[in-house]
Amino acid sequence: MILRRFPVFAQGLRDRRRSLLWWSVGVATYIAMIAATWPSIHGAAGLSDIMSQLPKSILDLMGASDYDISTGAGYVSGELFGFMIPIFVLILTIGAGAAAIGGSEERGTLDLLLSHPISRRRVLLQSAALIAFEAFIFGAVIVVTLAVASPLADLQIAFVNSVGAAVGIVLLGVAVGWTALAVGAATGSRGIALAATGSAAAITYLLGSLSGLVAFLHNAKWISPFFYSNDGSPLARGYTWWHALVLAGFGVVMLAIGAVLFDRRNLSN
Amino acid sequence: MGASAIRTHGLTLSYRHGRGIEGVHLDVPTGEVFGFLGPNGAGKTTTIRVLLDFLRPTSGSASVLGLDSRDDSLAIRARTGYLPGDFSLPPTLTGTQVLDWLSSLRPDTPPVRREELVERFDVQLDRPMKQLSKGNRQKIGLVQAFQHAPELVILDEPTSGLDPLVQDEFHRLVRDYVAMGGTVFLSSHSLDEVQHTADRVGIIRDGKLVTVETVDDLRGRGVRRVTLTVAAGAGALVESQLRSLVGIDGVTRRGDVFEFAVIGDYAAVLAGLGTLPVVDMLSRAADLDEVFLALYRGNDT
Numbered sequence: 136m137i138l139r140r141f142p143v144f145a146q147g148l149r150d151r152r153r154s155l156l157w158w159s160v161g162v163a164t165y166i167a168m169i170a171a172t173w174p175s176i177h178g179a180a181g182l183s184d185i186m187s188q189l190p191k192s193i194l195d196l197m198g199a200s201d202y203d204i205s206t207g208a209g210y211v212s213g214e215l216f217g218f219m220i221p222i223f224v225l226i227l228t229i230g231a232g233a234a235a236i237g238g239s240e241e242r243g244t245l246d247l248l249l250s251h252p253i254s255r256r257r258v259l260l261q262s263a264a265l266i267a268f269e270a271f272i273f274g275a276v277i278v279v280t281l282a283v284a285s286p287l288a289d290l291q292i293a294f295v296n297s298v299g300a301a302v303g304i305v306l307l308g309v310a311v312g313w314t315a316l317a318v319g320a321a322t323g324s325r326g327i328a329l330a331a332t333g334s335a336a337a338i339t340y341l342l343g344s345l346s347g348l349v350a351f352l353h354n355a356k357w358i359s360p361f362f363y364s365n366d367g368s369p370l371a372r373g374y375t376w377w378h379a380l381v382l383a384g385f386g387v388v389m390l391a392i393g394a395v396l397f398d399r400r401n402l403s404n
Numbered sequence: 024m025g026a027s028a029i030r031t032h033g034l035t036l037s038y039r040h041g042r043g044i045e046g047v048h049l050d051v052p053t054g055e056v057f058g059f060l061g062p063n064g065a066g067k068t069t070t071i072r073v074l075l076d077f078l079r080p081t082s083g084s085a086s087v088l089g090l091d092s093r094d095d096s097l098a099i100r101a102r103t104g105y106l107p108g109d110f111s112l113p114p115t116l117t118g119t120q121v122l123d124w125l126s127s128l129r130p131d132t133p134p135v136r137r138e139e140l141v142e143r144f145d146v147q148l149d150r151p152m153k154q155l156s157k158g159n160r161q162k163i164g165l166v167q168a169f170q171h172a173p174e175l176v177i178l179d180e181p182t183s184g185l186d187p188l189v190q191d192e193f194h195r196l197v198r199d200y201v202a203m204g205g206t207v208f209l210s211s212h213s214l215d216e217v218q219h220t221a222d223r224v225g226i227i228r229d230g231k232l233v234t235v236e237t238v239d240d241l242r243g244r245g246v247r248r249v250t251l252t253v254a255a256g257a258g259a260l261v262e263s264q265l266r267s268l269v270g271i272d273g274v275t276r277r278g279d280v281f282e283f284a285v286i287g288d289y290a291a292v293l294a295g296l297g298t299l300p301v302v303d304m305l306s307r308a309a310d311l312d313e314v315f316l317a318l319y320r321g322n323d324t
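First to last, the sequence lines map onto chains R and Z.
Offset between the first sequence (1-based) and the working numbering: plus 135.
Offset between the second sequence (1-based) and the working numbering: plus 23.
I should point out that these hints are in silico values taken from the structure, not numbers from a laboratory.
There may be inaccurate statements among the hints.
Short derived list, chain Z residues pointing at chain R, Cβ under 7 Å [said to hold, decoys possible]:
| no. | residue |
| --- | --- |
| 1 | Leu78 |
| 2 | Leu97 |
| 3 | Phe110 |
| 4 | Arg198 |
| 5 | Tyr200 |
Backbone N, C-alpha and C fix where the C-beta goes; we use that ideal spot for every residue, glycine too.
Let the sequences and hints guide you as you build the complete structure.
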């Protein structure tokens, strides 16, 4: 079997397949529930009138100014991609990234692994591949669930837009998950990887959502990975495809830095 | 034998907070069982982890199986088996799954000896790691270190957690393995433990290699353990005289019975004892732990 040639990936997958399955079920359920509320939201007269009367600054603060909730695609875009789905994918991939090398070094399994003829770089790359695979599964669940839910709830989401939105989420997960992997590989600490990556994500999210509101943060959104993941209303207006390159490039750079630092340092036991 | 399985030159690794190793010179020929001894924290594990390229020396160099420990680490690890001193295994995997996974990391050397080793140590293969005792996990660790029949096996405190019967089996395994041409480098904090298996021992203390000797030479250093019984009531008087004798170390007293080690010239010590009211005297060769301690004390002064 081809997986035998990638033992670190294979073992990681075996370790995490159960949690990945439950994540998929949870995300699909969450999306289905949001979709199921659309018909009644749509029917509730005046909701989008209220939204349109709210000052833009309030909407900015709610992270809702981009989303036109008078359409199904806009509503689902806001409910899913404005906050919850990015958070879900980050919990999944930051957790996986921090556990992979930092975590196994802390648990005391890294020495045994690296006493075999496998280079540190291959361990890092196979761990990165596993994170990307998990994010991909996450994205596939989004696409499939939306494809089923859209006609049922009359959301009118174009398939290409749901693919685009999923790509933005997958690459957000990969970029930030690889950052956690790199921090863990560079420091040997799962805790540092979780804390550093998690708080950096939270801060850039905050900066991004304040950038339309606070004058001196006007340009802050450009440093937020969330901006490149779901700017605008991806399900309604489509994903800005070049943003994918920014996320992928960022992830690759973090991974490369992590590889160099991991290769150079002394491992703790 | 000729070729060296392990050779280090002035191997030094300094940490900011001390506890590294300093100028370690080792030369272990192939086909030897080398015991690497020292108290906990002396630098045994640090030295081993430099050999496997987990740690990078501050200065000096190491070669394993004729290959540079840094540049050729992958080739070294392909031909070596290793048992870490402190390791954990994925808690949900069974023994079979652990051993299969680890051998998948060595695609070029199939686990030809696994069955024999599993039988030898009576390893439980079908239970997940979290249900196994420390000793049973240690057996899995031993099997994975030997299963692919490597040229060199590096074992860090291999017998910790093993019961005495299994320890005996381990000692036989090491002897058999060397008889077939393998080399074993094992660390321990107990001389007693390696004196049955090792050909030579290196003693490390505070990061420095104190001595490398054959086990026979170490025993033959003339250290003897003496139990001396003197006339009733003479204990206090004898004690002060004993303590002034040259060549005696580690005197302990229980009433009229003394215990001490004789280091060096036995005849001179006997002459000194001749003036004392000796009732009985029992003398035997010291075991290596006592030699070890004497050696340590000798280096303190």
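Would the stated hint for phenylalanine 110/Z survive a check requiring a Cβ distance to chain R of less than 7 Å? 5 Å, holds
May I ask you to test the interface hint for arginine 198/Z with respect to chain R, counting a Cβ-Cβ separation under 7 Å as satisfied? Violated, because the Cβ-Cβ distance from arginine 198/Z to chain R comes to roughly 23 Å (cut-off 7 Å).
Do the numbers back the hint for leucine 97/Z, that is, is its least Cβ distance to chain R under 7 Å? With Cβ-Cβ at 5 Å, under 7 Å, it holds.
Does the interface hint hold: is leucine 78/Z within less than 7 Å of chain R, judged Cβ to Cβ? 5 Å, holds
Does tyrosine 200/Z pass the interface hint, meaning its C-beta sits closer than 7 Å to a C-beta of chain R? 18 Å, violated
Checked against the numbered hints listed earlier, the structure breaks hints 4, 5; every other hint is satisfied.
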